[in-house]
Amino acid sequence: MTAAPLLEVEHLQLYFPIRRGVIVDRTIGHVHAVDDVSLSLGEGETLGIVGESGCGKTTLSRAIVRLLEPTGGAIRFRGREITRAGRRELAPVRRELQMVFQDPQASLNPRKRVGQIVGAPLVLHGVKGAAVERRVRELLGRVGLNPEHVNRFPHEFSGGQRQRIGIARALAVEPKLMMLDEPVSALDVSIQAQVINLLDDLQDEFGLAYVFVAHDLSVVRHVSDRIAVMYLGKIVESSPAEELYTKPIHPYTVGLLGAIPIPDPRQNRARRRLVVAGEPPNPIEPPSGCRFRTRCPRATDVCAAVEPQLTEYAGGHVAACHHPLNVTDAEIAAARRSPLSPLSSGDQLPQPHASLPGGDAAEVAAEG
Amino acid sequence: MTPAMSDAERLLDVDDLRVSFRTEEGVVHAVDGVSFHVDRGEVLAIVGESGSGKTVTGMSLMGLNRSPNATFRGRATLKGRELLSASDAELRRVRGGEIAMIFQDPMTALNPVQRIGDQIVEQIRAHEPLSKAQALDRSVELMERVGVPRAAERLRSYPHEFSGGMRQRVMIAMALSCSPELLIADEPTTALDVTIQAQILRELDQLRRETQAGVILVTHDLGVVAEIADRIAVMYGGRIVEQGTLDELFYDPQHPYTWGLLGSITRVDRDRPGRLPAIAGLPPSLLAPPSGCHFRPRCPHEFDKCVQRPELEVRDPAQPDHCDRCWLAVEDKRRLRVVDGEIGLAAKQGKVVA
Numbered sequence: 006m007t008a009a010p011l012l013e014v015e016h017l018q019l020y021f022p023i024r025r026g027v028i029v030d031r032t033i034g035h036v037h038a039v040d041d042v043s044l045s046l047g048e049g050e051t052l053g054i055v056g057e058s059g060c061g062k063t064t065l066s067r068a069i070v071r072l073l074e075p076t077g078g079a080i081r082f083r084g085r086e087i088t089r090a091g092r093r094e095l096a097p098v099r100r101e102l103q104m105v106f107q108d109p110q111a112s113l114n115p116r117k118r119v120g121q122i123v124g125a126p127l128v129l130h131g132v133k134g135a136a137v138e139r140r141v142r143e144l145l146g147r148v149g150l151n152p153e154h155v156n157r158f159p160h161e162f163s164g165g166q167r168q169r170i171g172i173a174r175a176l177a178v179e180p181k182l183m184m185l186d187e188p189v190s191a192l193d194v195s196i197q198a199q200v201i202n203l204l205d206d207l208q209d210e211f212g213l214a215y216v217f218v219a220h221d222l223s224v225v226r227h228v229s230d231r232i233a234v235m236y237l238g239k240i241v242e243s244s245p246a247e248e249l250y251t252k253p254i255h256p257y258t259v260g261l262l263g264a265i266p267i268p269d270p271r272q273n274r275a276r277r278r279l280v281v282a283g284e285p286p287n288p289i290e291p292p293s294g295c296r297f298r299t300r301c302p303r304a305t306d307v308c309a310a311v312e313p314q315l316t317e318y319a320g321g322h323v324a325a326c327h328h329p330l331n332v333t334d335a336e337i338a339a340a341r342r343s344p345l346s347p348l349s350s351g352d353q354l355p356q357p358h359a360s361l362p363g364g365d366a367a368e369v370a371a372e373g
Numbered sequence: 049m050t051p052a053m054s055d056a057e058r059l060l061d062v063d064d065l066r067v068s069f070r071t072e073e074g075v076v077h078a079v080d081g082v083s084f085h086v087d088r089g090e091v092l093a094i095v096g097e098s099g100s101g102k103t104v105t106g107m108s109l110m111g112l113n114r115s116p117n118a119t120f121r122g123r124a125t126l127k128g129r130e131l132l133s134a135s136d137a138e139l140r141r142v143r144g145g146e147i148a149m150i151f152q153d154p155m156t157a158l159n160p161v162q163r164i165g166d167q168i169v170e171q172i173r174a175h176e177p178l179s180k181a182q183a184l185d186r187s188v189e190l191m192e193r194v195g196v197p198r199a200a201e202r203l204r205s206y207p208h209e210f211s212g213g214m215r216q217r218v219m220i221a222m223a224l225s226c227s228p229e230l231l232i233a234d235e236p237t238t239a240l241d242v243t244i245q246a247q248i249l250r251e252l253d254q255l256r257r258e259t260q261a262g263v264i265l266v267t268h269d270l271g272v273v274a275e276i277a278d279r280i281a282v283m284y285g286g287r288i289v290e291q292g293t294l295d296e297l298f299y300d301p302q303h304p305y306t307w308g309l310l311g312s313i314t315r316v317d318r319d320r321p322g323r324l325p326a327i328a329g330l331p332p333s334l335l336a337p338p339s340g341c342h343f344r345p346r347c348p349h350e351f352d353k354c355v356q357r358p359e360l361e362v363r364d365p366a367q368p369d370h371c372d373r374c375w376l377a378v379e380d381k382r383r384l385r386v387v388d389g390e391i392g393l394a395a396k397q398g399k400v401v402a
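Residue numbers (my numbering), protein chains in the order written: chain A, 6 to 373; chain B, 49 to 402.
Hints listed in this document are in silico derivations from the structure and should not be mistaken for laboratory results.
Mixed in with the good hints there might be a few duds.
[Said to hold, decoys possible] So the derived list for chain A, only partly shown, Cβ under 10 Å to chain B, looks like this:
#1 Leu95
#2 Val224
#3 Pro268
Even glycine gets a Cβ: it sits at the ideal position worked out from N, Cα and C.
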């Protein structure tokens, strides 16, 4: 990571109020969509954010580009605080901070021609006249579309091609950071691979940083340098990409990895799995302490009493769990509290394995 | 390997099914000569990408896509009863009775303004002469069986009060309500999170073991297939391009499209390779499909014979259940499909297709 990170997010919170009332709206509670999340991203890097529906990953990505107003915390982009920046102040930042959405059908205006769609950000940022069209053609060619198709409408393209249009639009103003919210989820596998390869190439060519939000751990593995796993509004684990798969520490990550079917019948039959039972709890009243404890096979009393801190293990691997998997007692002893820990979390290190009833019997490998 | 099936276990036979729709732009040949069979207690996975005809195949068996602009040809027999030519009244007895269907999106498949219990009771009583109370008892049993907690109480809920996973469980309970012999599950877990998907797949697998129902699983996800299927049919451009047992398809795939499919999936259990091997180009338009092999325009191994239509045939006598639609010789296929030490599709030379 470079000295000054491109993007820094500190203790970011975003609560959605729940209002009820016939004449006067009263706020009767909050959905804790993003609850004290901290992360940082260097130039040219890719951060993968994974989690199941409702974990807050999309809300987080939208809060970072300021499409949603954060409730608390701070967002810094290239050292500049943008958490509360106004429209005018944000304009130059938005040029460097672009977004690609999940549904290429819904994120392109069906009444506009491709040339207008891709050209819009250029015009907004002051490019004029024939230069716009020239640049649009160049961009279309760059994302693998036919530059002659500038006058077509979105419906004349397939899903994968539409996603390429969305990417060309984001690319138009030469951003530093692209926020990709499930960019390939709506596409067929053979087309997914094409779009992922395109994103790879663009990153190499323009030195882009990506935040890649997805529910699919296998796609994220392919694109990310670092991966953060979210559960119910919090980051529960974050590590260099490969290590998350070879040495998952948080039981939720282990369960998530085990739940993904491997497209290989023999390996599928051979592996042992930790089964995550039940469903995510209600984010309006999240469980006390560790939010995963209601579904966790390793949960004990401490999990209900104390919110686990994000513990930093060797190699920058961070996890918030009182009863971590795949780490030795020595590794726990050498670990320390991560500065990314939520403010409300406790400050004790994870418990050594002997303290858990059944000890290492509950050890489960994610693979093989 | 599946043991040789005797005809006594045969549930469904589909022979040369052709479905086309007349549209403003022309005739869409959605399903173009599909043949397969399903035996009791087995899971046949129909795999394909959007527009491959996999859903239309499933819907046609249930007669759910009958309309004035649709044409159906071929035969589909369920235990000797012909389905394609059956009258609507006859089909209504079959649907929900002998054949049940689970849809991808349980929210749109359930009635949002009717209580869950009423919906299940209605379904049961449409097929069996039970009183309301008896049907309600059966509903509670079914809901418990598919893992809905506090079943009796939850029967009074409306669909929106359920989570996605629970709704899909309700769909499965409804599908099972009249002990169907054939279950058609169209992307049953696509809308669900992976941890919930794992639970539902386990449920489905256990149910077919207990009830010995045959299952047609329509999906695009090869991971799900590897988890529960016995046999696989791969569809492309309205045709089955390859069909065989689970192990044959994954470890000895014969059709280049299958290679491409297997090669282009990102895998959670593998280190990342530099670049994902993608299949260049786009699926064919079913309004004007290419002549001969439908995969020809995207296939790097295309040769002059490919302009003729290949039939779905057994190509290796050692694998009598394994058939495909590709003109290449078996030994050539085994050589060509290895790309960088893995099964995959080489890059298409020549013209660039975006």
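Hint check, Pro268(A) versus chain B [nearest Cβ-Cβ separation less than 10 Å]: holds (4 Å)
Interface hint status, Val224(A) versus chain B (Cβ within 10 Å): It holds, given that the least Cβ distance between Val224(A) and chain B is near 5 Å, below 10 Å.
Closest C-beta approach of Leu95(A) to chain B relative to 10 Å, hint status: violated (34 Å)
Hint violations for this structure: number 1 only, all remaining hints satisfied.
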